[in-house]
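Chains as they are written, first to last, in the working numbering: chain A, 1 to 285; chain B, 1 to 285; chain C, 1 to 285; chain D, 1 to 285.
Hints may contain errors.
Identical chains blur together in the list; that is why a pair holds if it fits in one copy or across any two.
[Claimed, not checked] Below, simulated BS3-like cross-link-like pairs (lysine-lysine); rule was C-alpha separation at most 27 Å, straight line:
1. K43 to K27
2. K185 to K158
3. K95 to K158
4. K14 to K33
5. K252 to K43
6. K13 to K27
7. K264 to K252
8. K264 to K95
9. K13 to K57
10. K57 to K43
11. K33 to K252
12. K43 to K33
13. K14 to K57
14. K185 to K264
15. K61 to K252
In case anyone wonders, no lab produced these hints; they're calculated from the structure.
Computed from a predicted structure; not experimentally measured.
Protein chains: 4
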Amino acid sequence: MIRAIFLIQADDKKGLLASTVGFFYEKGYNILKCQQHTDSYEKRFYMRIEIDASDMKETRKELEDGFGEVAAREGLNWSCHWSDYRMRVAILVSKASHCLYDLVSRKLEGELSCEIPLIISNHPDLEIAANQFRIPYYCFPVGDSKAEQERKIRDLLKRFDIDLVVLARYMQILSPEFTDEWQGKIINIHHAFLPAFQGANPYLRAYQRGVKMIGATAHYASEDLDQGPIIEQDTVRVSHELTPSGLKEVGKDCEKRVLANAVKAHLEHRIIINGGRTIVFPVER
Amino acid sequence: MIRAIFLIQADDKKGLLASTVGFFYEKGYNILKCQQHTDSYEKRFYMRIEIDASDMKETRKELEDGFGEVAAREGLNWSCHWSDYRMRVAILVSKASHCLYDLVSRKLEGELSCEIPLIISNHPDLEIAANQFRIPYYCFPVGDSKAEQERKIRDLLKRFDIDLVVLARYMQILSPEFTDEWQGKIINIHHAFLPAFQGANPYLRAYQRGVKMIGATAHYASEDLDQGPIIEQDTVRVSHELTPSGLKEVGKDCEKRVLANAVKAHLEHRIIINGGRTIVFPVER
Amino acid sequence: MIRAIFLIQADDKKGLLASTVGFFYEKGYNILKCQQHTDSYEKRFYMRIEIDASDMKETRKELEDGFGEVAAREGLNWSCHWSDYRMRVAILVSKASHCLYDLVSRKLEGELSCEIPLIISNHPDLEIAANQFRIPYYCFPVGDSKAEQERKIRDLLKRFDIDLVVLARYMQILSPEFTDEWQGKIINIHHAFLPAFQGANPYLRAYQRGVKMIGATAHYASEDLDQGPIIEQDTVRVSHELTPSGLKEVGKDCEKRVLANAVKAHLEHRIIINGGRTIVFPVER
Amino acid sequence: MIRAIFLIQADDKKGLLASTVGFFYEKGYNILKCQQHTDSYEKRFYMRIEIDASDMKETRKELEDGFGEVAAREGLNWSCHWSDYRMRVAILVSKASHCLYDLVSRKLEGELSCEIPLIISNHPDLEIAANQFRIPYYCFPVGDSKAEQERKIRDLLKRFDIDLVVLARYMQILSPEFTDEWQGKIINIHHAFLPAFQGANPYLRAYQRGVKMIGATAHYASEDLDQGPIIEQDTVRVSHELTPSGLKEVGKDCEKRVLANAVKAHLEHRIIINGGRTIVFPVER
Numbered sequence: 001m002i003r004a005i006f007l008i009q010a011d012d013k014k015g016l017l018a019s020t021v022g023f024f025y026e027k028g029y030n031i032l033k034c035q036q037h038t039d040s041y042e043k044r045f046y047m048r049i050e051i052d053a054s055d056m057k058e059t060r061k062e063l064e065d066g067f068g069e070v071a072a073r074e075g076l077n078w079s080c081h082w083s084d085y086r087m088r089v090a091i092l093v094s095k096a097s098h099c100l101y102d103l104v105s106r107k108l109e110g111e112l113s114c115e116i117p118l119i120i121s122n123h124p125d126l127e128i129a130a131n132q133f134r135i136p137y138y139c140f141p142v143g144d145s146k147a148e149q150e151r152k153i154r155d156l157l158k159r160f161d162i163d164l165v166v167l168a169r170y171m172q173i174l175s176p177e178f179t180d181e182w183q184g185k186i187i188n189i190h191h192a193f194l195p196a197f198q199g200a201n202p203y204l205r206a207y208q209r210g211v212k213m214i215g216a217t218a219h220y221a222s223e224d225l226d227q228g229p230i231i232e233q234d235t236v237r238v239s240h241e242l243t244p245s246g247l248k249e250v251g252k253d254c255e256k257r258v259l260a261n262a263v264k265a266h267l268e269h270r271i272i273i274n275g276g277r278t279i280v281f282p283v284e285r
Numbered sequence: 001m002i003r004a005i006f007l008i009q010a011d012d013k014k015g016l017l018a019s020t021v022g023f024f025y026e027k028g029y030n031i032l033k034c035q036q037h038t039d040s041y042e043k044r045f046y047m048r049i050e051i052d053a054s055d056m057k058e059t060r061k062e063l064e065d066g067f068g069e070v071a072a073r074e075g076l077n078w079s080c081h082w083s084d085y086r087m088r089v090a091i092l093v094s095k096a097s098h099c100l101y102d103l104v105s106r107k108l109e110g111e112l113s114c115e116i117p118l119i120i121s122n123h124p125d126l127e128i129a130a131n132q133f134r135i136p137y138y139c140f141p142v143g144d145s146k147a148e149q150e151r152k153i154r155d156l157l158k159r160f161d162i163d164l165v166v167l168a169r170y171m172q173i174l175s176p177e178f179t180d181e182w183q184g185k186i187i188n189i190h191h192a193f194l195p196a197f198q199g200a201n202p203y204l205r206a207y208q209r210g211v212k213m214i215g216a217t218a219h220y221a222s223e224d225l226d227q228g229p230i231i232e233q234d235t236v237r238v239s240h241e242l243t244p245s246g247l248k249e250v251g252k253d254c255e256k257r258v259l260a261n262a263v264k265a266h267l268e269h270r271i272i273i274n275g276g277r278t279i280v281f282p283v284e285r
Numbered sequence: 001m002i003r004a005i006f007l008i009q010a011d012d013k014k015g016l017l018a019s020t021v022g023f024f025y026e027k028g029y030n031i032l033k034c035q036q037h038t039d040s041y042e043k044r045f046y047m048r049i050e051i052d053a054s055d056m057k058e059t060r061k062e063l064e065d066g067f068g069e070v071a072a073r074e075g076l077n078w079s080c081h082w083s084d085y086r087m088r089v090a091i092l093v094s095k096a097s098h099c100l101y102d103l104v105s106r107k108l109e110g111e112l113s114c115e116i117p118l119i120i121s122n123h124p125d126l127e128i129a130a131n132q133f134r135i136p137y138y139c140f141p142v143g144d145s146k147a148e149q150e151r152k153i154r155d156l157l158k159r160f161d162i163d164l165v166v167l168a169r170y171m172q173i174l175s176p177e178f179t180d181e182w183q184g185k186i187i188n189i190h191h192a193f194l195p196a197f198q199g200a201n202p203y204l205r206a207y208q209r210g211v212k213m214i215g216a217t218a219h220y221a222s223e224d225l226d227q228g229p230i231i232e233q234d235t236v237r238v239s240h241e242l243t244p245s246g247l248k249e250v251g252k253d254c255e256k257r258v259l260a261n262a263v264k265a266h267l268e269h270r271i272i273i274n275g276g277r278t279i280v281f282p283v284e285r
Numbered sequence: 001m002i003r004a005i006f007l008i009q010a011d012d013k014k015g016l017l018a019s020t021v022g023f024f025y026e027k028g029y030n031i032l033k034c035q036q037h038t039d040s041y042e043k044r045f046y047m048r049i050e051i052d053a054s055d056m057k058e059t060r061k062e063l064e065d066g067f068g069e070v071a072a073r074e075g076l077n078w079s080c081h082w083s084d085y086r087m088r089v090a091i092l093v094s095k096a097s098h099c100l101y102d103l104v105s106r107k108l109e110g111e112l113s114c115e116i117p118l119i120i121s122n123h124p125d126l127e128i129a130a131n132q133f134r135i136p137y138y139c140f141p142v143g144d145s146k147a148e149q150e151r152k153i154r155d156l157l158k159r160f161d162i163d164l165v166v167l168a169r170y171m172q173i174l175s176p177e178f179t180d181e182w183q184g185k186i187i188n189i190h191h192a193f194l195p196a197f198q199g200a201n202p203y204l205r206a207y208q209r210g211v212k213m214i215g216a217t218a219h220y221a222s223e224d225l226d227q228g229p230i231i232e233q234d235t236v237r238v239s240h241e242l243t244p245s246g247l248k249e250v251g252k253d254c255e256k257r258v259l260a261n262a263v264k265a266h267l268e269h270r271i272i273i274n275g276g277r278t279i280v281f282p283v284e285r
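Just chain A, with the same shape it has in the complex (with noise of 0.2 Å):
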């Protein structure tokens, strides 16, 4: 079944559900899920609709068009996204693996549904690890120029057509014109539940600060380091009985199912971003 997911947002008043409910009731469509949220303190509409698209009676552009007109006159900011497109994911990485296991692992179960074209890191250390999988591994050191390494990422990412960057512990900062470029297109995982231990070296001092309890906190990269708005996280209970190290080892879990779950949000297109925070609506299935 083809299906087109609607992504909606506006200030609220009166009427707004009905309006778009009624457009594609009116159009005959058959309405799969319909996720809504209104936030009282923001004043502020949400809504994912998802219909059946398997036999239009019309063209997809004349049913985005269609729409678009409702959204102008309610002041709607939408954007329309197809089930039959598998979105273009580019893995940024360095030297540690477990978040890139994990994410290609969960690709070829089936878990994600994407292409994964090409990894791009910093470092050679990984490019055994894009064999074993048959994905094309690119390795631009930093040396000399940041700038320089940061422009031919930024040509490849174009020249494969990405949709999506994932920096899965890729440990380099990205320049604003990347972030902008790509706003809402990012996904990093940072390795502490933020805003706690913002910046480098969080496992140590959460050690030093005696948390009970460590996490992980996937966020889409802004120019602001580490400032984006979060899409998931969550935390494990840990022990006085775990130096430093031993909570890097413990986290690594938490960062892999933390990244993971926030990529397959943005696949399966259940978030929508709002100034710094993020909607996201829950699985169903």
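Chains B, C and D: place on chain A using the hints.
Same frame as chain A, but now just chains B, C and D:
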């Protein structure tokens, strides 16, 4: 603000969402929240819709009758609840006090919006607790005739206009007549992660089986012991360091939390029962 | 059974375990529990040892003095506690009642083994709650002089022979003199997952930052606000569906649980403080 | 550093801790870690002791024989393990790949310290995965004779000097002869929170029962299906929004994590089996 909450279920078919939403829209009501779920496995449609009923231009009966017509046409099973009515809750206890203290203090803090006009027990032990909170306490020892004791309780529930019965570690099995009459209106807390460890002494059996987590389950009481529709569950990690009585103590916290969440969901009209399963819409506030 | 509990810490060196265990063994005491941890990062040795002191052939002082000699020889930092002494706990509150109700009801249920001889507040609101439980309530409004108000509290704590002060959502900052005098004897509950959201209004800031989990932290009070050694933390998953006040309500449960677990660990002599960190030995029962 | 790990259990009696600790102390070994637990319900003593064996002044056999004498005198059941031996693990699979990928990648990342010299299956499906990691893959379809197929597997396990068999979603029941011969050396992952939903199709039954959490259980295989000693469990919250296949997908993550933790505990010699229960000492690192 006065709100009307409609809980709706039906066999799934095209257009259910649009026709229900449309009904309220055409009458000019503001839809505050709309939570909808289609179970694609059972082909069943579930919906909770909350509207602003502060300045109604019709009587409550007119609104309900109007919706009743839509429901009849569309084959909806539904109920309507009004936010300005506070449900009347009877708490049944035996000797353990933790759930009783927890429920009553949550009520005092405003977390549970209800009246608790009486506490009923088969033991005198908790009369002191009831007195602390100035709640009438009725003690009916089981004695010779369990049927007679139960009849007294059921009389009292009617006399006090009770809407919901909470078995807060009430250690007596109810007769099928009782559970039938009060179907969907008795919430029990079982001190195990059902369906594991149904029946008596779950903590001892959990110890013997060497489980690494224990849990608690709140469910509607049904004729078959520990078989009613589950409302809420939670688990807590335990280690080999706990004996059966240690498990029991650790489990109390889980029982309190699970029971309170289940009662809250019922009071907030967030639960739809379909056969042996429940749909519990998440809190939005 | 009367038990003596020794809490021990020292810089790690060979033979510490053997010499401490040997001391009790040679005197013929039965070791009920022995929990030991060596922090390989800080090279620090920690130990909690619990012995059966029911039929002692020496006085308590003789046992303590004897162990003191071993400790002096081995360079141990230690304390000894006797299971037949019930600590005297003062609860300080402001207006929020949930932690107060929770602590008092856990005490009544026997979960917290202590006396609660008084409740102190800067507001009159919770006198009713204190009366329900027949606990004296002292109200000292901050008024013109915060120093004067604090002096009254500290006098009262001495007059009542208090061993532990619990800040159960007491919304005043304590002076360095107070926290110094009571070092390691004041437990505070912070309504956030420290070190995230230190300071005021954590739930609002959690909403604004769009975190996907909120938490609570119990810690010993220190001169620097929200910086004292952490005893216990927990988190709870939240969604975009909660406003700041929704987060606050959901967080209450977490606060109660975390504070109660921290107080319990203190009362059971399971905590060793070393600088800014705590070692909390797990429950065995 | 080479370490020797002793796992010890015995009926509890006075002086066990002192005599075991004393043995190593008198011989001049440095005790790196000592984890001890006395089960007051079963009156059973458990201990894991880890010593620095880098510069031994005796042979390994002499140390073991020496301890054997203490053990005979004190009635200890014990085993000794050396940190420089890497266990040889055979992974048995059927068609599901998620646990296989997870285990192998954790091994590659250094999280699981072992050899994986072969993968065995009753289906050809996962040969590709095995090839990616250059691990020999043996496929024995069940065909006409299950006994014959099992004999081939058991021969292979011997030929490859296997120490531990991991059933990574291997969908065949093993014969009592197999589980007897390999007692305490076969770890299985069951895709439910045992003892709930023993047997087949746990996710479908979880859906039908309407549980609010699902789980996974890793246990040693025993003659009775799904009855062996539990090593590790975990649960994950689910909602009414998941169909049986949705539960299955969500559960995969839990299965992977639980199985990996169980295998890790076994490889690190942190598990003591006593009848139907396990003692799993926590990680310290």
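Against the structure, the hints come out as follows:
Taking identical chains as interchangeable, the C-alpha atoms of K43 and K27 lie at most 27 Å apart only when they sit on different chains, with a minimum of 22 Å there against 29 Å within one chain. When the C-alpha separation of K185 and K158 is checked against a cutoff of 27 Å, the pair qualifies only within one copy, where the shortest distance is 13 Å, while the shortest distance between copies is 51 Å. Taking identical chains as interchangeable, the C-alpha atoms of K95 and K158 lie at most 27 Å apart only when both belong to the same chain, with a minimum of 24 Å there against 37 Å between chains. In this assembly of identical chains, K14 and K33 lie within 27 Å of each other by CA distance both inside one copy and across copies; the values are 21 Å within and 11 Å between.
In this assembly of identical chains, K252 and K43 lie within 27 Å of each other by CA distance solely across copies; the values are 25 Å between and 38 Å within a copy. In this assembly of identical chains, the alpha carbons of K13 and K27 lie at most 27 Å apart whether taken from the same copy (23 Å) or from different copies (16 Å). Proximity of K264 and K252 under a CA criterion of 27 Å is satisfied in both settings, with 18 Å inside one chain copy and 14 Å between copies. Taking identical chains as interchangeable, the C-alpha atoms of K264 and K95 lie at most 27 Å apart whether they share a chain (23 Å) or sit on different chains (23 Å).
Taking identical chains as interchangeable, the C-alpha atoms of K13 and K57 lie at most 27 Å apart only when they sit on different chains, with a minimum of 20 Å there against 31 Å within one chain. For the homomeric pair K57 and K43, the shortest alpha-carbon distance between copies (25 Å) is at most 27 Å, but the shortest distance inside one copy (36 Å) is not. In the homo-oligomer, the alpha carbons of K33 and K252 lie at most 27 Å apart only across protomers (24 Å), although the nearest pairing inside one protomer, at 34 Å, exceeds that limit. For a Cα distance limit of 27 Å, the shortest separation of K43 from K33 qualifies both inside one copy, at 23 Å, and across copies, at 12 Å.
Taking identical chains as interchangeable, the C-alpha atoms of K14 and K57 lie at most 27 Å apart only when they sit on different chains, with a minimum of 17 Å there against 30 Å within one chain. Taking CA atoms no more than 27 Å apart as the test, K185 paired with K264 passes inside one copy only; the shortest distance there is 13 Å, against 36 Å between copies. In this assembly of identical chains, the alpha carbons of K61 and K252 never lie at most 27 Å apart, being 44 Å within a copy and 38 Å across copies at closest.
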